[in-house]
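Peer 1: Model the full structure from these sequences, guided by the hints.
If you read the protein sequences in the order shown, they are chains A and B.
Going left to right, the first sequence walks through residues 1 to 143 as our numbering numbers them.
Going left to right, the second sequence walks through residues 1 to 372 as our numbering numbers them.
Everything labelled a hint here was simulated from the structure, so no lab data went into it.
One or more of the hints may lead you astray.
One side only, chain B facing chain A, incomplete, derived with CB under 8 angstroms [unchecked claim]: (1) Val-56; (2) His-155; (3) Ser-158; (4) Glu-159; (5) Leu-161; (6) Arg-162; (7) Met-163; (8) Ser-165; (9) Lys-198; (10) Gly-238; (11) Thr-240; (12) Ser-243.
Under the rule of at most 20 angstroms between Cα atoms (straight-line distance), these lysine to any residue pairs were calculated in the SDA-like manner [to be verified]: (13) A/Lys-21 with B/Glu-159; (14) A/Lys-21 with B/Ser-173; (15) A/Lys-136 with A/Glu-32; (16) B/Lys-198 with A/Ile-114; (17) B/Lys-198 with A/Ala-98; (18) B/Lys-198 with A/Pro-83.
Every value quoted in this text rests on a predicted model; they were computed, and no experiment measured them.
The beta carbon of each residue, even a glycine, is placed where N, CA and C say it ideally should be.
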Amino acid sequence: MSDDIQILLVEDNPGDVRLTKEALRGARVANELHVVGDGEEAIDFLNRRGEHRDAPRPDIVLLDLNLPRLDGSEVLAQIKTDPDLAKIPIIVLTSSSAGADIQRAYELHANCFISKPVDFTEFIGAVRSLEGFWLKIVKLPTR
Amino acid sequence: MTALLSTNVASGPGPAPERAFSDSLEMLCTVRFDGTIVAANASLLHGLGYEEAELVGSSSLGHVHPDDQDGTAAGAADLLDGTDVPAFENRYRCRDGSYRWLAWSARGDAEHQQVHCAARDVTESRRHRDLVDELLAELERSNTDLAQFAYVASHDLSEPLRMVSSYVQLLASRYEGRLDEDADEFIGYVVDGAARMKALIDDLLAYSRAGVDVAVRRRVDCGALVRSAVADLERAMGETGASITVGDLPVVDGDPGQLSQLFLNLLSNALKFVAPDVPAQVRVSAERREDSWCFSVADNGIGIAPAHRERVFLMFKRLHGRAQYPGTGIGLALCHKIVTRFGGRIWLADRTKPGCEFLFTVPDLAPISEVG
Chain A
1 MSDDIQILLV EDNPGDVRLT KEALRGARVA NELHVVGDGE EAIDFLNRRG EHRDAPRPDI
61 VLLDLNLPRL DGSEVLAQIK TDPDLAKIPI IVLTSSSAGA DIQRAYELHA NCFISKPVDF
121 TEFIGAVRSL EGFWLKIVKL PTR
Chain B
1 MTALLSTNVA SGPGPAPERA FSDSLEMLCT VRFDGTIVAA NASLLHGLGY EEAELVGSSS
61 LGHVHPDDQD GTAAGAADLL DGTDVPAFEN RYRCRDGSYR WLAWSARGDA EHQQVHCAAR
121 DVTESRRHRD LVDELLAELE RSNTDLAQFA YVASHDLSEP LRMVSSYVQL LASRYEGRLD
181 EDADEFIGYV VDGAARMKAL IDDLLAYSRA GVDVAVRRRV DCGALVRSAV ADLERAMGET
241 GASITVGDLP VVDGDPGQLS QLFLNLLSNA LKFVAPDVPA QVRVSAERRE DSWCFSVADN
301 GIGIAPAHRE RVFLMFKRLH GRAQYPGTGI GLALCHKIVT RFGGRIWLAD RTKPGCEFLF
361 TVPDLAPISE VG
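Peer 2: Laid out in structure tokens, this is it:
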């Protein structure tokens, strides 16, 4: 089992996937990034079902709200109400900055909500901060 | 049995009381308890187009629109019971077959087994009322559509915008030094364009939300609110030596989020539109009026010519080139929308001093019972 931090990115936009990868490049904390493209796959990954039978358990999940099929907030609700998965920190990382979306995410127990900035340097900054806080300062629950 | 009252009977020095019936401009009639019309004055006859003989002696209910007959019969039952009917509307058939809406007031006379009625033709006013209702509904639909459109458009535009902006920046950094000067310049324009588009989208979103979000009502300490807004603007101010003085401001009933946006927009405009190398000096104050508070945001900036004083409140109306003073041109339109929505007014003071003074009123709200 790898000692690297396991990050699950739930994101359907390949452009955003690549941006996140680029931003995580040169991260100071060793990490392994797993990507799934929709909500149902995310649930499968977390439950180690089907093609994700051998998936590692993520230490942290980056979740976009705008997903096809199973909506991001649905995924959030399912994870946070599953006693087995609820303690995994979920960071909602999404295009929206609408007050209603932010409110709803926290009501569904997201650990935090980040609006993706338009400026790429700001985005890198945000991902660095995420990394600096969640992967270094914060103590993550044991797997 | 009952004498027809339309005959003039002069008795004594003044006109007979019967003249009040026959000569009245109001449409009057008398109807027996059994529904037969026994008297109708000239105004009623003329109003409906009947000759006396065509109306008097006929059944009153027979002239009523079929859909209104049940209601009319019910009203008649009240009258027979001795209850006055002060206002009842139904459609009455005219001689030419058309229907007019009549508003009746009637009182029964049990002793003589008859009812005295007065009618007003309300056909036109009902039509106006219906038209107004229709227009209001249409307006509301249109506004909601517009707000939704603005919201959806801005929401869905942000994502492709992020792609354009982020990747061009990635390109620039990844290939730094390996592209020529032209490429650097071109990339600069793309990044700049994306940033402007982002500002526009944010402003459009704010504008659309100002119309649709449910207005919250709280006691707002405007002094604290404005000082908080000033703190937000600290960064922009520090570099230029600008100052914002906040006078004694009242506590008002309002939506703190919207009031905050309002002040932030006015203050950042005041800071922005100054002559180069002139530190901005802004003053916020308030004055009590009869049923409102009037706030003032005054600056020492470049001012706005009288000719443009109304235009500036329109969306996207900018008075200067982007190179001179950046901005989307939505700020004042947003302020106007916010102020209008809570029932106030916003305008530019007419003054000889240089700079601008924006004034806006916050009307007092009717007191509500305290909620626990």
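Peer 1: None of the hints should be skipped; say for each whether it holds.
Peer 2: Okay, the hints, checked on the actual structure:
no.	hint	in the structure
1	Val-56	68 angstroms, violated
2	His-155	7 angstroms, holds
3	Ser-158	5 angstroms, holds
4	Glu-159	5 angstroms, holds
5	Leu-161	6 angstroms, holds
6	Arg-162	5 angstroms, holds
7	Met-163	5 angstroms, holds
8	Ser-165	5 angstroms, holds
9	Lys-198	4 angstroms, holds
10	Gly-238	21 angstroms, violated
11	Thr-240	23 angstroms, violated
12	Ser-243	30 angstroms, violated
13	A/Lys-21 with B/Glu-159	17 angstroms, holds
14	A/Lys-21 with B/Ser-173	15 angstroms, holds
15	A/Lys-136 with A/Glu-32	15 angstroms, holds
16	B/Lys-198 with A/Ile-114	17 angstroms, holds
17	B/Lys-198 with A/Ala-98	15 angstroms, holds
18	B/Lys-198 with A/Pro-83	40 angstroms, violated
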